[in-house]
Each structure stands twice: as C-alpha cells, then as structure tokens.
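Visitor: Order-wise, the sequence lines are chains X, G and S. With the first letter of the first sequence counted as 1, position 71 gets the number 71 in our numbering; the numbers rise by one all the way through. With the first letter of the second sequence counted as 1, position 347 gets the number 347 in our numbering; the numbers rise by one all the way through. With the first letter of the third sequence counted as 1, position 405 gets the number 405 in our numbering; the numbers rise by one all the way through.
If you're looking for bench data, these hints aren't it; they were derived computationally from the structure. Fair warning: this is a prediction, and the values are worked out from it, not measured in the lab. Wrong hints could be hidden among the right ones.
Said to hold, decoys possible - In silico EDC-like links for lysine to aspartate or glutamate, alpha-carbon gap of 16 angstroms or less:
id	chain 1	residue 1	chain 2	residue 2
1	S	LYS424	S	ASP394
2	X	LYS59	S	GLU668
3	S	LYS669	X	GLU157
4	S	LYS669	S	ASP648
5	X	LYS59	S	GLU705
6	S	LYS643	S	GLU705
7	S	LYS643	X	ASP86
8	S	LYS118	S	GLU134
9	S	LYS171	S	GLU500
10	X	LYS194	X	ASP208
11	S	LYS539	S	ASP176
12	S	LYS539	S	ASP557
13	X	LYS177	X	ASP208
14	S	LYS391	S	ASP680
15	X	LYS177	G	GLU48
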Amino acid sequence: MSLKNVLENWSDYRKGHEQGGHHDYEHMWVMAVDLDKCTGCNACSVACYAENNLAVVGKERMMKGQGMHWLRVERYWDEPQIGGDDGQFQSAGGSFLPMMCQHCNAATCEPVCPVAATYHTPDGLNAQVYNRCIGSRYCSNNCPYRLRYFNFFSYYEESWPEPLNQQLNPDLSVRDKGVMEKCTFCVQRIRTAKDTARREGRAVQDGDAVTACAQTCPTQAIVFGDMLDKESRVSKIWAKQQVELGKTKQVKANPELRGYRILEGLNTDPCIMYLDRVREV
Amino acid sequence: MQTKDINENIAWAQINADVLRSMESPRMGYWIAVAACLAMVACAVVAEIYQYQIGMGVGNLNWPHMWDIYIATFVFWIGMSHSGTLLSAILHIIHADWRKPIYRFAEAMTTFSLMTAGLFPIIHLGRVWNMYWVLPYVSDRGIWPNYRSPLVWDAFAITTYLTSSALFLFIGMIPDLAICRDNARGWRQKLYTVLSMGWQGDDRQWRNFRKIYLLMACFLIPLAVSVHSIVSADFAMSIMPGWHITSFPPYFVAGALYSGCAAIITLFIILRYFFRFDEYMTIPILEKTCKLTFAIAMVWSYLTLIEFASVWYGHDLVAKESLMERFVGPYSPFFWLMLFCGIICPFALAIEKMRRHLPTMFVVSLLLNLGMWLERWMIVTPTLATSHYPFAWDVMWPGMVQWAIVFGSFGWFGLLFLIFVKVFPSVSMYEVKEMVFHRRHAHRPDLAAKFHRRSSDQQPGDTASGQPRPEGA
Amino acid sequence: MSGNDINRRDFLKFMGLGGAGAVTLSGCDMPTTVTLEEGKEEVVSYLAPEEYVIPGIGVWYASTCQQCPSGCGVHGRVREGRVLKLEGNPDSPVNAGVLCQMGQASLQGHYNPDRITKPMVRKGGNLTEVSWEEAIELVNSKVGAANGKVAMLTGAMSGHQAELMDTYLAKIGGKDHFVYETINNAVAEAVNAEMFGSAQPRYNLDKAGAVLSFGADFLATWVSPMHFSQQYAKFRTGNRGVLIAVEPNMSLTGANADMWVPAKPGTEGVIALGVANVLISKKMVDGSVLPVDALATISQYGVDKVTAETGVGGDVLVRIATYLKERSPSLVLAGASAQSNTGGSQVVAAVNALNILLGNVGKTIGAEDAFPVKSLAPRRGSSAALAAFAKGADAGDYEVAFIYNTNPLYSAPAGLELNGKLAKVGLKVALSMFPDETTLAADVVLPLASPYEDWGTQVPGYLPSEGGLNVQQPLMRPLYSTVKGLGDVLLVLAKAAGAEELNQYADFYAYLQAGFAAMPASIKGGMSDAEFWSKSRQKGFVAVANSQGSLNVKVGDLAQVADKAGSDFPMHLAPAARAGMYDGRNANLPWLQEQPDPITKVFWDSWAELHPSTAAKLGVKEGDFIRVESAQGSLEVQVYVYKGVHPDVVAVPMGRGHDEYGRFASREKGVNPLKLIGGDVDAKSGELALYSTKVRVSKTGRSAEMPRLGGSESQVGRRLVSTVSADVYRRTEGGGNNVA
C-alpha cells in the first residue's frame, strides 16, 4: 500500500469495509421502489403502523411535527427533471415518494450516536437499539433524509386505549418517551423468516422475508429482498438498473435506466433504489 | 482622566482590606440578587421536572428540530468559559500584567459557565436517567460508548476542561485563601484553613506554586482551544448543510473568546460598581479589555464573513440554500440582529469616549453577548429548518419550557457567582500586590535597575527587595 | 367437555388446574384464564392452551375484509388468541395478496375502544343497557305487530347473511330491503345494464393501452380498487399504458395520470362526446358501429361547442383521442363525479358510446359473471335505495326498520331530510358495532360482533375472473361475550318469526355449514362436504371458473343534460370520496385519521380544495377558513390551494364531520360536505346527484395553520422523485424488456 495508491484510491479507503464489505454478509437486505407503479395510496404506511406498533399522536402533535410515521408517503407537485409544471393545472398529476429508512451502508446516523445505539448489523440493516438509546437525537439531525423519529412523549395511553392495545405486535416493543425509532425493514419478520428457514434446515429464500409495506403494496411497487441472493427479484432489478451498492460513483452502461438512489451525492450508499416515475410528455 | 492601570502607591493593607471587605456580610441587595437567581433556577427546575415527566416534546422540539436552544445555550455557556482561560492563562504567559485585578472573577466565570453548560447536554437527553452511558465506565457487558461520536468527545472535553479550570481557579487562589484564613473567624476560618492547604508563603511554596501555575496555564490553553473545537465538531462533523463547515473550529473558538470577553466587561462593571473596586478595576484596565474584545470581535466578524463566503462561492447548493434561508427566511430578523450585535456593536469598543463610559459599556457588553447567543441559535435552528430534505422543512419556535430552562441557566450561573464573590476573594490580592510592586519599580527606574538582575530569577514575593512582604503571604 | 370421557386435552386442563392451585397455595400471583364452559367457571392454566395456540408463533387464518364492498381476501395473523395484523390473501382473485390502507386499519375497528358491547333499548328517551333476551323480545313483539311494515336498510350485502335476511324478511311479510352505499357505481350499473346487458361488466385495465377515466378513482374508491390496482401495475409495465383522468378535483387516480384534465361535474359527457366527435371527424375510427341517432348527437358536439361548455381545449381533445386510438384497445370509465349528477345517466351513456366507438367492448370490457347460487348474489348499494327508504319512512310505511352496516344519518344528503323522516319509523333497530349517529338515534341497539369475530360469506360486488364466494371466518373469539354475529341475530329473529326450517340450525355457523353442503357439485369440485367446508375456510374463498359471456351493445340517446345555471351559487361542490375516510365509516380508525390524505397531505381534519386563481379572487391562501354555502346550509373549512382542481369547483372530501361515532371521529371534527347537498337525483336512475350541488364560497377572515404534513411541496431541485419521459421508459424497459 504505497502512499500513491492511498491517495489515488482515497475514496475506497475512506469507505472502509463498506466498499464491497457486504459480500461477506449472510444477507444484505435491500429494496427497490418503482415510483411509476407507486400510486401514493398510503397502504404501505398503514401496514407499517399495524406491524410496527407505531403510535398515533393526534392532530396537535402531528401539526407540531411529532408524528411517528416511519414510512411517510411524500407528495411533490413539481417535476424538476422534466422542466416542472408551470401551467394552469397540475396536468401530469403528483409525484409520490414513499420514504422509509434507507438503511445506508455508510449511514450518517451511526457514527454520531454517543452510545452506539444505532449500528449496522451483519444483515446490512441499520439497527436501532431502543434499550441503549439515551435520546441525544444527534442521529436524526444527521440523517439527510430525516427518517428518524423521536418519542417526544409517552404515547402509550393515548395511542392505544383499551382494547386497541391488544393489537400490538408482541414481536417488537412499544417505545417509551425519550428514544429514537425508525423503519427497521421489519426486522422481526426477517428474524421469523430466518428462524423458520433454520428450523426447516434450508437457506432463506426470496420471498421468505417481506416487509409489511412491500407485502401490502397494491401495485407491488415495493420489492424487498436479499442482495446477496443473485436469484432474488430485488437483486435482479438492481442489476438490470445497473445500480451497485458500495460504489461512490455509479457508472451506468445505459444512462437512461431509471434506477437511482436519493441524495446519492452525499455518498451515504442507501439500500433503497428508486425507479424513476414515468410520464408521457 | 485616569491613565494608570493601577495606583502604584496603594498600600498592601489597603488591598487586603478592600478585597476582604467585599466578602463581608452581605447586604440586602445581595440577598435580593440571590433570591432573584433562586427564582430563576426554580423556573428551570419546574420546567425540567415537567419535561422529565411528560417528554421532550413539551418545549416544542419536533421533527426535524431535534435540537434547539438547549444546544445553542450549551454552546453559549461553553463559549463564556473561554474568558477565564484567556485572561489567566494566555495573558499570564505573555506577561500582560493588567489582567491581574480581573482574572480571578474571570476564572470563576469559566468554572461556573462550564458548570452551567454541562447541564444542557444532560437536560436535552431524551432519557436523562441514562446519561452516564456516554462515559466509558467499565461495564461487565463490555459495552462502551461510541468513540466516533462528537458527543462522546464533548463529554470528555467538558469534564476535562471543568476539572482543569476548577483546579486552576483553586490553585491560583491558594495564597489569597491564606490571607482570608488569617483574617477570618468561625466557619470561614475553618474553610479557608482547609482550602489554603497550609500555605505559609515560604520560598519553596512560592517556587512550587509558580511552577504548577505556569504548568496549568500551559495545559489549559490547548485544552480551551480543543474544547470549543470539539463542541464545533458536534456540528462540523455532521453532514448537514450549514453545519458541515471546515472553518467551524476557529470560528467557534473566536466566538467563545468573544462572548467570554464581553461577559468579563459586564461582570467587571457590576463588580466595580457594587464592591467599589474602583481602585483595582480601573478604567484603563477596562479599556484594555475592551480593546482585546474589539480585536477578537473583528476576528470573529472576519470568520463569520468567511463562512458566508466559503458557502457562497462553494458548489454546495444545499448549503447555499441554508445560508439564504438565514438571510431572508423566517429566522432572518434574529440573524440580522445577531450580525448587528456581533459585528456593528463592537465598534463602540473602538471609540475611546464610549469605552470609558461605564453605562454604555455595560449595555454594549450585554448586546455583544446577546449577539453571541443568537449566533449559536442561528447555527443550530435554521440548519435544522432547511436541510437536504425539503419535505422535512419546518419552522419551529421554542416553547415556554425551553425558554424557562434557558432562563434558569442564567439564574444558576448568577447564583454560583454570587456565592463565589462572598466566599472567595474576587480580586486576586497577591497578584494585585505584585502588579503594584512592579508598577512601582517601573516608575522608579532606580529601583528597577537595582533589582533587575534578581527579579529575573526570583520574582515575586522577593523578600530581599526591601519592600514589606505582603501580609499573609 | 361433553360426556364423561376424559380426553387428552381435558386431562391437561385438569393438570393445569392442579398446577395452578399448587402455585396459588405457595402464595404466588399466578395469572389464570377464567373461561365459561357449560356454565361452569374453570381455571385453565396457560400450560393447556387452545389447540391452535402456539405461544410466540403467529398462525395465519383466511377471512374477508369488510371495510368496503369490494371483498378483498385477507389473512389474519393470530398469536396467543389475538389477531394482530391483516395481509391480503395471496390466492384471492380479488386482491391477490395486497391490501389497501382501509383493510390494514380495519383491525382498529375490531379493537376499537368505542365499540358497543351491550344491547340497548331506548327507555324514557335514553338508550339503556338491557339483556339480549329483553332486546330481542322487544324487537319480536314490535315486528309481530308491524304486519309486514318492516324495512331493512343495510350497506352492500351478499352471501348467506343476505340470504338469511331475505328469509327473515319474507317470514315477517316485509318486502323492502334497501341497500344503500354512498360511494357506489349505481348510475353506471343502470346504464350498463341497459346498454351492455350487464350491470357490472368486467374491466381489463391490464389489457388496455390507454385508460380514460372520467372521475373513476379505480385506485382508491371505485368498485374494486385493490383489484384494479393490480391491473394498473400490469397496465404500467411493458409498453406502459397511458392514463388520462378528467375530473373536477384530483383523485388518487388523477394524481397518477399522464394527463389530468379538470372538468366541471356533469360536463364529462360533453367531453366524452367531444372526444368521440374528434375520433370520427378525424377518421380515426369507423363511426358506423354506432347508430345514426347517436352519430347525429355526437356530430353536435364539435370542438368549439365542447370548449365553450367545458373549457377543455380542442388540442386536449385531439390529444386524448389520439392516445385512445393509437394505444388501442383502450378503456373509458365513468366514476362518481361523472355519474352522480342530474344528467349522470347521460354521461355514462356517452362514456359507454365512446367505448363502443373505440371498439373496446369485448376487449377491455367483458361480460359480467355471476355466482351460480343466486340467493347469495351481491346486493350492490345505491343511493336511490336511501331515497326510497326515506320516502317510505316519511309515508309511514314502516313500523320497524332494521339498520345494519350503514350510517345514513351521517351520510344522507341534507336535501333528503332523513332525520325527520327516520323519526317517523316506529321502532328503529340498529345492528351495529359503533355508536354512530344512526345507531344513537335508534330505539334498539343490538351490538354486533366485528367482522373478525363473526362468520359470513360474501360475493364481491365486482366479481373478478376466477372469483367467487368469499368466506369470512372469525380470526379470534369475540372481545366481548355480550356481542353477537349478524347471522346469529338474524337466525334468532327468523326462528322467532316462525321460520321452522331454520330450527335445525343451532347457530349461524351450522346454517353456513349446511349452506356450503348444499352448494352445487360443480362448485364443490368433487370434494366431500367436510372437505369442501374445510378447504373453503382454509383458502378463504370458493372459486368459480367463470365463463366470459359476451355483451349486447345497445346505444340509446346520448344527448347531455345541461347544467342548471344559478347565479346565487356560482361554484360546484365536489364531495370527493377518498380512500381512508371513505364515506365516513373509517373516521373512527386512528391510523387512517393520522394518515395524511394522499393528495393534500392533510391529516385529522377536513379541508376545501381551491384552484389558485379562485383563491386569489377570494383573497384566501392555504389555512384560511372559507364559508361554503349551499341552499341546504353552510360550513366553514380550511382551504388547501393547488392546481389540481377546476377553478369553478370547491372540493370538500367526505368522511369527516361526525357528531358521534366515538372518540376518534368526534375529537377533531372536520366538516361533512354531504350536509350541503340537496335532493337532486339523476332523472333516469333515481340516484342522488351528489355532484350537482352549487355553492357560494366566501372568506371568513379566520386563519389557522393547516394540519398538513410536509415542509415543502417542491423538490427544490433535488432528485427525490425523478421523472422521465415514457419514450425513455419504452426504450429501456418497454416490451419484453421490463425489469421490475
């Protein structure tokens, strides 16, 4: 390792083990979201509330920005890539974007947590350990996507009055005030899939682990799976879109392909690839 | 017009008497001040208990405003703490002896503002009862803090700085505590006996004292610089536009020195007025402090403009947006007020007439500190309001709970300071004597020549100088 | 535990009891389960769980979602005896594994804290809790004395509950079963039946190259949204079809359109005829498929006339016509805003004519399929039914009215004046889960089990190919021992009314089982009764191999009904239906209240949509309150300003503004646009014309922060949602090249 080499390949060194490091992982959970199929219907978001014990905070607190929507469906009216829409009407509809934790391989939230409550699992997940979190909220400040949500209050009593609490998913905790939370890629479902596969003495197959959002998506715009399984649907989509994990610069043989990752320029190496929305122009 | 830093004909006994008088039984005004400070602290305590019980959301903290004026005030108080180090350590090393009458309270300010600042990272934690997890205590589960996090660096830096500056304050006070011991009765005598650690003022003690004091001063200077650099790292190490700025460490250190100096001017005027320290805290010393403050203000202004320029001429459009948001966005009135207080107001310090007019200086120094507080707020909040992600843009104004705790922090600081001035000498007696001693020499060249040779290797407390030894020293 | 023989399970129970006793003696607080079995109280230790309970392991059971009439199959995850999560049934022909937000949230209806748990009878003006026996006794006596003057007012129904309801109604001599749905497709059903001979033809969006939707929000609320969403996904892959939406305010479907064209409600037919006119005049299609009368009507709707009447420019008409022609086969749909007008039938007729002209019939529109057992057929809802009920009630035709699964006091247009008319019914019996407006106005309230506690079957109103009878089976024991399933209540009532043939059934479960046994062999597919019953429950539905018949085309008069001019009320009111609150039935589900509306991102509250130019004229901006007044009344609501609404339209989505309906619905009230709507009907079908109401909009001067999620509606130059042209898409992924 000469100095020259270090200087020339600085970005590779800088990325450390993220540079292709995930090939040693057991799994590498990733997602592909086709924004042309996404209709913005909110089914994914409600499924997330149901699966992950997300608190309902009420109007006042939602207005204050204290909601807990791990998966928020954003809607934009402009289309900067095709020149926007200056007409009298919104004649090409809206632009919908389901945003859940991007599980960045170079996650900016991870290094700043003072107590290492958020870290990367060998599954490629950006994990949040609620019990370890002390609520410094630095991670949320440092998330360029603003996908981390803080329990500003104890929501339990108000969110799940008896007997609504009986719906709570016992596979994961209900978070109390003072901890950060965010999309986990339904880690409890991944866990179940892995346990089932082990019990049955087989490898985890594509489709064994599906997040609640991907499962319920009415147009199947969200595809979830293991990047390391070359046969999985999601890894094929990534490959066909010529988007590669762990690459600072994406080189696409066909630059017209739709795959991209959000705020890619920040080099966070997100695990969710979005596919361009398409419109007749 | 007073031109001398200090009257060199002042008698040693006079110095002791003046300083010890300031520590005598407090009058009604003092108790009123204490009561006011206690009331402020009570506000904060009530607010904190409420916040602890209900959750961090009570002060309007939200997504994306995870941090707000708690962190801004934390940085503000850390900044304040730089004054003492500047006056005692840096000026000590460069032999600027006009610091001597005023460094004691500046050092106290350092310690107390750190004690105030240190509360904020704790108050702002969502689960404050687990705050000790930031420290690398030995856990049988082998769990350590995340050493990559600037917040952990903060914890180290602040605790180190607090310990060192408290030690520095204490060590520098030992000869004076001995004077107090010799003049006090009752509980005070017991206290000072313990604290003065058997100080007799013999040569060996003075020699060791000098060495350790210089050593501490040398140790503190890089520490002070690093502490505020590390605090700036909380922001500079992040990926957020408006925070991720290379010039933040020097910018923060300059801002810290700036607010510290401004606070010294404020306290200078207060102490001079209430304790009638006109003999020691003289107008020329104030002028020198003002000049120093002005210089630092200009450095800070330069760095502020540099920050804008580097963002403006850079290619980071998001950072540029964030900057423009500060210029014209909803927070812009505070931003412009910050620029006015921080860049325009210090020019009052450059005008001799204003500099020598105490009420003016009092107001100006408060304005400067207001500017510095606003600066920290304008770093924390507009960045969170306008970040990479437009969907998460939000304008948030801090709620009553946050204001109450910030308000209370001033009461807490004031309370500590009030206790200090009545328990400890807020003007360094032995250093003032030294200063007077040297000034006498300076005005009597014959004596200076006579002692020139010996003063180089055996300086203060020199018994062979023919001067009476300072009492109690 | 019948008989004296002790089986393994009982043995374990006794063991568990002993164990619990021992532990109790030792002074510990051991949690025990107290069950009522054969009238005895038993302490059953958790060591002897129900057979299907495996602690820590979720088991999935099939059932059917009842949140809207489209009948999606669900799988419910049951763990430790509680249902925790619903997912679409992957085998279901309706939804193939997916589920919308309402289906996901329906569990919150099941676990709702505001459920009614005890029967109630109005005594001295107040509803008082009584025993089931007393309530049923009262109902029976009143029904017995009613002499057949009994009406049923229900939401969309089908399957064995509907069959049983018919039996009961026949037994007591009642004739009127009104099936009312606010969000319906009734006008189109009437016109379709006339023009195609099929009320609800089968649509194949996936086979279409272009879809022109006149307010048919098939992605959210229209007919069978989950089924169409699946078709939509296919429609958008490969060669990627073009979606064009023409509607007064942007629906979810409109927001996904390539081309969104605003139209005043009621003028959709004019636009459809204008498109037909362009197609014919530009010789893009052969007009001879339509009769001469129709062609003559179309020829009147030249571009100039259409532009003058609707504001839609000739270039837009040509573009639409070109898409429809070039991407043939296409599909033209008419939804609520097009149908629900005084001239709604004519609008649908024009839309159907356009389909015929484009040659879509037989390609993207196929014949309806019916479930072979006629008695189980779907009773699709209409609002004409409500009008008829109101009329009958007003005339004093009903001594007793049963109201089930509908909340007309909330959803009836003000013009119907239902409150007063309903009061004329002697005894109003609400079969209900929730204290909604109608239930609280009833004289007898019979608390129903939730859909996930109850047995039932359902034939979807829109039957997709391979569709059939959905099985709704309980996913857990009732939360409250004092609620009963609809079928059980009907069975008790019918038996009391002298339906002796039902005496053989101990409960509705037995009735259902017998019903399955009685199904024709063609449906059973050679399985034994027991096998068929168990397989059906396991799968969640009974599939029927449907044969696609053909449609008989008959085109009548296409002339459009002109809009009533009114200077007092210059604007149109669009009481838009949105998935989420739907027709108001979901306002008590906190998940859906907290979900921002897909288009406006407003949560927990109502809003009015205004076009920027209209807002500028009024001098209002987002968050300002406006007053919307009609001849029926007025309401004040915050404004959301955007370019997705026609300048002459103010859209106030329905679903909020409940007076009752539990804590979540009434906490943040919102407004109910239906209370501004008059009694106008579509002349031909008698359907209430919800989109025909004209209103006046004025500024109130009040303003508040809009409860809306999102700091910026612009991407501010970032590549968040990136858009590419369809040409690029077809180049890279078109045809067989598709990757996703």
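Visitor: When the structure is checked against the list of hints, which entries are broken? Sort them ascending.
Guide: 3, 4, 6, 11, 12 and 13
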